[in-house]
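Engineer: Join these two chains into a complex; the hints should help.
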Amino acid sequence: MWSAFWCILQRDLRLGLRRRTEVLTALAFFMIVVSLFPLGIGTERQTLQILGPGVVWVAALLASMLALERLFAADYEDGTLEQLVLTPQPLSLLVLAKVAAHWLLTGLPLVLIAPLVGMQYHLTPTQIVIMMLALGLGTPVLGLIGSIGAALTLGVRGGGILLSLLILPLYIPVLVYGAGAIEVSRIASTDAQPYLLLLAAFLLTALTLAPLAGAAALKIALE
Amino acid sequence: MALNPFKFAAPAVFYPLANRLIPWFWTLTGILLALGLYWGFFQTPDQLGGNNAQKEYYRIIFVHVPAAWMSMWLYVIMVFWAAVGLVFNTRLSFMMANAVAPTGAIFTFLALWTGAFWGRPSWGTYWDWDPRLTSELVLFFLYLGYLALHAAIDDQRRADRAAALLAIVGLVIVPVIYWSINCPDPTQCASLHQRSNLTRIEGNILFAMLTMTLAFWMYSFATSLMRLRTLILEREAEASWVQELLNPRGGR
Chain X
395 MWSAFWCILQ RDLRLGLRRR TEVLTALAFF MIVVSLFPLG IGTERQTLQI LGPGVVWVAA
455 LLASMLALER LFAADYEDGT LEQLVLTPQP LSLLVLAKVA AHWLLTGLPL VLIAPLVGMQ
515 YHLTPTQIVI MMLALGLGTP VLGLIGSIGA ALTLGVRGGG ILLSLLILPL YIPVLVYGAG
575 AIEVSRIAST DAQPYLLLLA AFLLTALTLA PLAGAAALKI ALE
Chain D
562 MALNPFKFAA PAVFYPLANR LIPWFWTLTG ILLALGLYWG FFQTPDQLGG NNAQKEYYRI
622 IFVHVPAAWM SMWLYVIMVF WAAVGLVFNT RLSFMMANAV APTGAIFTFL ALWTGAFWGR
682 PSWGTYWDWD PRLTSELVLF FLYLGYLALH AAIDDQRRAD RAAALLAIVG LVIVPVIYWS
742 INCPDPTQCA SLHQRSNLTR IEGNILFAML TMTLAFWMYS FATSLMRLRT LILEREAEAS
802 WVQELLNPRG GR
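These protein sequence lines map, in sequence, to chains X and D. Heads up: the first sequence begins at 395 in the numbering used here, then just goes up one per residue. Heads up: the second sequence begins at 562 in the numbering used here, then just goes up one per residue.
Be aware that a few hints might be false.
[Stated by the list, open to error] Stretch by stretch, here's where chain X covers chain D in the computed footprint (C-beta under 8 angstroms, at least three residues):
#, segment
1, 693 to 706
2, 716 to 725
[Unchecked claim] Taking CB as the label site, the calculated pair distances span:
#, chain 1, residue 1, chain 2, residue 2, range
3, X, M395, D, A712, 34 to 44 angstroms
4, X, S429, D, R681, 33 to 43 angstroms
5, X, I435, D, N765, 46 to 56 angstroms
6, D, E799, X, I426, 48 to 58 angstroms
7, D, W688, X, E438, 22 to 32 angstroms
8, X, R408, D, A712, 34 to 44 angstroms
9, X, T437, D, R718, 52 to 62 angstroms
10, X, R405, D, F569, 47 to 57 angstroms
11, X, I426, D, W585, 53 to 63 angstroms
12, X, G436, D, Y687, 23 to 33 angstroms
13, X, L480, D, R681, 55 to 65 angstroms
14, X, T474, D, P682, 58 to 68 angstroms
15, X, L411, D, N565, 53 to 63 angstroms
16, D, R681, X, R413, 50 to 60 angstroms
[Claimed, not checked] Every beta carbon over 10 angstroms from chain D, so not counted as near; a handful from chain X, in silico:
#, residue
17, L403
18, T419
19, G436
20, R439
21, L442
22, Q443
23, I444
24, V452
25, E463
26, Y470
27, L510
28, T518
29, G530
30, L597
31, L598
What the hints contain is simulated information worked out from the structure, not anything from laboratory work. For every residue, glycine included, the Cβ atom is placed at its ideal position computed from N, Cα and C.
Same shape as in the complex, but just chain D (with noise of 0.2 angstroms):
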């Protein structure tokens, strides 16, 4: 049997698929959720760092680098399906690009929102016009304008392709977040963020927070493929299959 990529393109087949897993998702959320969080709090050592140690609050690091890494990764995520949309024209990636969206906004909201409560401690204020805390505010901004455009037009399909292009436009924003700790002069451009290596950190510190982030994989998947079935019914309504869903007796 020839595997045929398009198979689930369709929303009256991609439909039952995602019914069957909702559930699945939802359950390793909470798993992966409890184990992140009690590893979190419980397993890993009381403070950060040798001299001048960040104490017990540093462990808003297992929501915050998640949350940050999330909002990344969303928005890439958004755009490649939006450019699939584009590209062949096929009605459920629009609807995937526009599930993912607010997810991605929750998040970014998110890492934000933590970082503020992270840096009073740590570095003293709330907030800092650092170029990682400035380029992260940018990609919330973009996140607010693709979902204010798309909700701006009617005409669904221009709605669509319209808000597509935007996430295409504004996906230079991704790299400049990446590298924006990479600052080649700290003289010139005072950067709170450090730079990060995934290896030096200690062993039940990164375990909690890859945990974590897994974790929040799998919520995206979830609240997304939940938010794309309503749109499916929403957008398919005329749709028969959707009405024998409806109204199983075939009455209307």
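In isolation and in its complexed conformation, chain X is listed as follows (with noise of 0.2 angstroms):
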């Protein structure tokens, strides 16, 4: 069962590395948005530390729903998806394995690439290090939540703008606590622990949950 697991995650690696224009793109979207926000607010070093973080996680939220559209995207249109769903393998452990892989692509930089956006909205070192790890516990949440959104909208006139609708508000609570999280670490970081623990909490229910509302979801949509 593992085997199949590790099959699906090395493949949706080895394919998303091969077209690295696409990882690329989320990841350049998430800098450019957080970018625009000093130039059409201001670059008062103030309002910046006081906007960083919200700003921070609704970029991180629009990029990930960005790069969720081609979650399953391709491999509905070549029909490999038909394959997935006719294995004897549970379907939400491959969602779970394609969900993991997506994020390694596009999550995972959006955390590497924070301290740079920490530097741009002049956070303290210790608000740098906690919005690491609340981008690192929140984004993967971000990804098996809106599986579920990509698995329904999948080949729907309209996907992209339909999908915003049906997830963001199911965001809200990792944007809230997220953001929290960094806002409250500014005086001191034992603040975020309650926060971070929140989100360790979202992260298990949605690892645990998530892949089996994906599963049904696929189902539906290849029926």
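Structural biologist: Shown next as structure tokens:
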């Protein structure tokens, strides 16, 4: 069973790395959105420090949502997805593998580039560490929840815009606690602990439930 | 005679039943609305609370609270029918979920809208990012997402099942709305909605509010059944009983 998981993970990673521009677009989008805000609202140090956490998370939400469209689309078009549904292995495990690969390609780069963004917004070093932790816990949740929406909107007219309507409301808890963790760590890093624990709880819940819902959604889409 | 719970699951059997029930629900809606509004306007105290009392404008409560309750209940009912549809694969349950959704969305909007008008005189603002307001807004988006997803998929069966799954996933928001006023530490999260306790409300106000709630229930039944009737005719248009209903003489 796990060999199927690894197999899908490796395949998706290899495919993703062969089409590097697609992977990098999400990252570039994230950086551009984050860089636009100071130009729009003014570059005052204090304003940026207040807005930084929220802006980073909203940009991460949008970047992850844009990337989601491609989570199943290519496999859906060439028929691979149907074969995956037909395999004897549990579909939820295969969905989990695809989401894991997707996160490694589009979520992890956001976490790694976060310090750069932190400097743009004059965040303190502790805040930057907390931001990386929060993004590391939160972006997989975005991918997991998003996979349900991506599966539901497969091959649907206006899928992209519809996906945002379905998924963004469900992203709100991650946004609230993710941004909150960075915000409160301005004074003391220990204040962020409850926020990070809640994010970890979201991650565990999403890890157990989202692949099941995603698999059900895929079966509906391919009926 | 054994009771068959699936007897009314057949659209052809349910359609006449809906026809017979709708006038009753409309009548009850009218009576209860009239009673609730009369009681709310003329039999209740002119102001609410002791010091810093809310004057006449507190009467928004008679629309606001029932609408907010309905928005949550109707979502739960919608999810119930969606889940029944996914489990038993009955066409009528999906139609039921579909018929309830617009009414639920309207009540959610009504709760937000009347809340804004109540908030202006009592809190000094139309909108605040109070946890309850925010979660109610999310509920509104979930209703919209359900309707949009259903409308975007052409294949009826897939649309039903996909939207049903989305509704079930969205159910997480209902307990969040319900408990969103239980703020453990008032300095951490500012909640403008106070904790409510039905037993502490003045008798006349409570009576008017509950009457209005019943009226809204009846209204929801009536509109949902009317929408359901249209959905049945639309989807079963090829069935022979619909053809007979539309052309009683048998000619096409």
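Engineer: Each of the hints needs a verdict: does it hold here or not?
Structural biologist: Verification of the hints:
no.	hint	verdict
1	693 to 706	holds (count 6)
2	716 to 725	holds (count 4)
3	X:M395 / D:A712: 34 to 44 angstroms	39 angstroms, holds
4	X:S429 / D:R681: 33 to 43 angstroms	38 angstroms, holds
5	X:I435 / D:N765: 46 to 56 angstroms	51 angstroms, holds
6	D:E799 / X:I426: 48 to 58 angstroms	52 angstroms, holds
7	D:W688 / X:E438: 22 to 32 angstroms	26 angstroms, holds
8	X:R408 / D:A712: 34 to 44 angstroms	38 angstroms, holds
9	X:T437 / D:R718: 52 to 62 angstroms	54 angstroms, holds
10	X:R405 / D:F569: 47 to 57 angstroms	49 angstroms, holds
11	X:I426 / D:W585: 53 to 63 angstroms	60 angstroms, holds
12	X:G436 / D:Y687: 23 to 33 angstroms	27 angstroms, holds
13	X:L480 / D:R681: 55 to 65 angstroms	58 angstroms, holds
14	X:T474 / D:P682: 58 to 68 angstroms	60 angstroms, holds
15	X:L411 / D:N565: 53 to 63 angstroms	59 angstroms, holds
16	D:R681 / X:R413: 50 to 60 angstroms	53 angstroms, holds
17	L403	25 angstroms, holds
18	T419	25 angstroms, holds
19	G436	23 angstroms, holds
20	R439	25 angstroms, holds
21	L442	21 angstroms, holds
22	Q443	20 angstroms, holds
23	I444	15 angstroms, holds
24	V452	15 angstroms, holds
25	E463	14 angstroms, holds
26	Y470	13 angstroms, holds
27	L510	30 angstroms, holds
28	T518	22 angstroms, holds
29	G530	23 angstroms, holds
30	L597	15 angstroms, holds
31	L598	15 angstroms, holds
Checked against the numbered hints given earlier, this structure breaks none of them.
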